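A.B. asks: Work out the full structure: start from the sequences and follow the hints.
2 protein chains.
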Amino acid sequence: MGSQDIFFMFQAVNEARKAQRLGEVPIGAVLVHQGQVLTRQHNQKEKTQDPTSHAEILCLREASSKLGSWRLVEATLYVTVEPCVMCVGALLQARVGRVVFGCLEPKMGGLRSVYSLNDDHRLHHQFIIEEGLLEDQCQSLMQNFFKLKRQQSCVIEKFKSTLP
Amino acid sequence: MGSQDIFFMFQAVNEARKAQRLGEVPIGAVLVHQGQVLTRQHNQKEKTQDPTSHAEILCLREASSKLGSWRLVEATLYVTVEPCVMCVGALLQARVGRVVFGCLEPKMGGLRSVYSLNDDHRLHHQFIIEEGLLEDQCQSLMQNFFKLKRQQSCVIEKFKSTLP
Numbered sequence: 513m514g515s516q517d518i519f520f521m522f523q524a525v526n527e528a529r530k531a532q533r534l535g536e537v538p539i540g541a542v543l544v545h546q547g548q549v550l551t552r553q554h555n556q557k558e559k560t561q562d563p564t565s566h567a568e569i570l571c572l573r574e575a576s577s578k579l580g581s582w583r584l585v586e587a588t589l590y591v592t593v594e595p596c597v598m599c600v601g602a603l604l605q606a607r608v609g610r611v612v613f614g615c616l617e618p619k620m621g622g623l624r625s626v627y628s629l630n631d632d633h634r635l636h637h638q639f640i641i642e643e644g645l646l647e648d649q650c651q652s653l654m655q656n657f658f659k660l661k662r663q664q665s666c667v668i669e670k671f672k673s674t675l676p
Numbered sequence: 513m514g515s516q517d518i519f520f521m522f523q524a525v526n527e528a529r530k531a532q533r534l535g536e537v538p539i540g541a542v543l544v545h546q547g548q549v550l551t552r553q554h555n556q557k558e559k560t561q562d563p564t565s566h567a568e569i570l571c572l573r574e575a576s577s578k579l580g581s582w583r584l585v586e587a588t589l590y591v592t593v594e595p596c597v598m599c600v601g602a603l604l605q606a607r608v609g610r611v612v613f614g615c616l617e618p619k620m621g622g623l624r625s626v627y628s629l630n631d632d633h634r635l636h637h638q639f640i641i642e643e644g645l646l647e648d649q650c651q652s653l654m655q656n657f658f659k660l661k662r663q664q665s666c667v668i669e670k671f672k673s674t675l676p
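Just so you know, the sequences run in chain order A and B.
The opening position of the first sequence corresponds to residue 513 in my numbering, with each subsequent residue numbered one higher.
The opening position of the second sequence corresponds to residue 513 in my numbering, with each subsequent residue numbered one higher.
Hint data in this document are derived by calculation from the structure and do not stem from the laboratory.
Check the hints yourself; a few may be wrong.
[To be verified] When the alpha-carbon atoms are kept at most 27 Å apart in a straight line, the in silico BS3-like pairs for lysine-lysine are as follows:
#, chain 1, residue 1, chain 2, residue 2
1, B, Lys661, A, Lys559
2, B, Lys559, A, Lys557
3, B, Lys530, B, Lys672
4, B, Lys559, A, Lys578
5, A, Lys557, B, Lys557
6, A, Lys619, B, Lys619
7, A, Lys578, A, Lys557
8, A, Lys557, B, Lys578
9, A, Lys661, A, Lys578
10, B, Lys619, A, Lys559
11, B, Lys659, A, Lys578
[Said to hold, decoys possible] Residues of chain A placed beyond 12 Å of chain B at every Cβ, according to the derived structure:
#, residue
12, Trp582
13, Arg662
14, Cys666
Everything numeric in this text was worked out from a predicted model, so none of it was measured.
Ideal placement from N, C-alpha and C gives every residue a C-beta, glycine not left out.
C.D. replies: Put into structure tokens, the structure is as follows:
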């Protein structure tokens with residue numbers, strides 16, 4: 513991975529921070545095609561109430577709309593967290609060329625943690641994977657978000673227990 | 513499965529026929545919530561050039577928009593063909609209650625054929641699966657579509673071989 517990769521992943525981290533400020537799971541993604549950024553997205557599941565509004569899916573939809581093609585073979589997707597099963601399926605459907613991600617997603621990850629879908633030759637497409645870029649920053653965002661969520665849940669539970 | 517299931521699956525088959533007429537892979541889906549049809553969709557990948565425009569994803573997006581919630585726990589999705597890995601991932605993300613499908617999809621199927629994602633307790637949700645409803649009709653649509661595609665490819669190859 514080179515300095516260009518770091519540059520694009522920084523933009524994905526910025527997207528993740530936007531998600532965090534909006535109360536969304538802090539995951540950001542950037543889709544680059546022939547060296548140009550086509551789209552930058554972050555998770556919007558709560559805002560849109562659309563179960564498919566993950567940063568990766570939003571990038572694929574926007575990029576294919578801009579290019580007028582569902583085939584994104586020359587695209588690289590930078591995403592702060594290992595994509596889930598749904599998103600890996602979508603990346604395979606779009607024939608994406610390369611995926612660079614920051615930290616692992618132990619509960620739903622479809623590239624390393626729970627499944628290794630990209631290594632399965634039955635699925636008729638494989639992309640290049642690079643992992644661990646800006647890993648600490650990507651992971652900190654996730655850990656802080658879920659720590660805060662747990663603390664908020666505790667406060668709500670304590671408050672409920674005081675009600676008659 | 514009861515007569516209501518057959519009734520809804522007929523509607524999904526009608527959607528698949530619409531896709532066929534438009535030159536799309538003939539897969540249709542209907543999403544039912546508390547006994548009411550919320551949306552009927554068919555594959556639109558070629559028309560929209562969006563790699564995620566499978567009938568199932570379009571149903572989930574439309575239904576969650578109508579209900580104002582990404583959680584579709586009381587929904588049943590009727591789909592003519594076993595969903596692919598991307599679509600099973602999306603059905604799990606949406607916490608769908610039940611999925612009824614017609615025929616198997618041996619190349620990309622994520623419920624039986626290539627993966628059994630719904631049986632994997634690590635993915636934190638399971639829905640009820642019913643399979644084989646109107647199987648012959650669903651399968652015929654797919655087989656005829658791909659047979660025609662192969663014939664068209666043969667004609668094009670023969671034509672190319674006559675060029676100087």
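A.B. asks: Look at each hint and say if it fits the structure.
C.D. replies: Hints, one by one, checked against the model:
1. B:Lys661 - A:Lys559: Between B:Lys661 and A:Lys559 the Cα gap is close to 41 Å, so the pair fails against 27 Å, i.e. violated.
2. B:Lys559 - A:Lys557: holds (25 Å)
3. B:Lys530 - B:Lys672: Between B:Lys530 and B:Lys672 the Cα gap is close to 31 Å, so the pair fails against 27 Å, i.e. violated.
4. B:Lys559 - A:Lys578: Holds - the C-alpha atoms of A:Lys578 and B:Lys559 are around 14 Å apart, at most 27 Å.
5. A:Lys557 - B:Lys557: holds (22 Å)
6. A:Lys619 - B:Lys619: holds (26 Å)
7. A:Lys578 - A:Lys557: holds (22 Å)
8. A:Lys557 - B:Lys578: Holds, at about 15 Å.
9. A:Lys661 - A:Lys578: At roughly 36 Å apart (the allowed maximum being 27 Å), A:Lys578 and A:Lys661 break the hint.
10. B:Lys619 - A:Lys559: It is violated: about 35 Å lies between the C-alpha atoms, which goes past 27 Å.
11. B:Lys659 - A:Lys578: Between B:Lys659 and A:Lys578 the Cα gap is close to 32 Å, so the pair fails against 27 Å, i.e. violated.
12. Trp582: Not fine: 4 Å to the nearest Cβ puts A:Trp582 too close to chain B.
13. Arg662: holds (17 Å)
14. Cys666: At about 21 Å from chain B, A:Cys666 clears the 12 Å cut-off, so the statement holds.
Hints 1, 3, 9, 10, 11, 12 from the earlier list are contradicted by this structure; the remaining hints agree with it.
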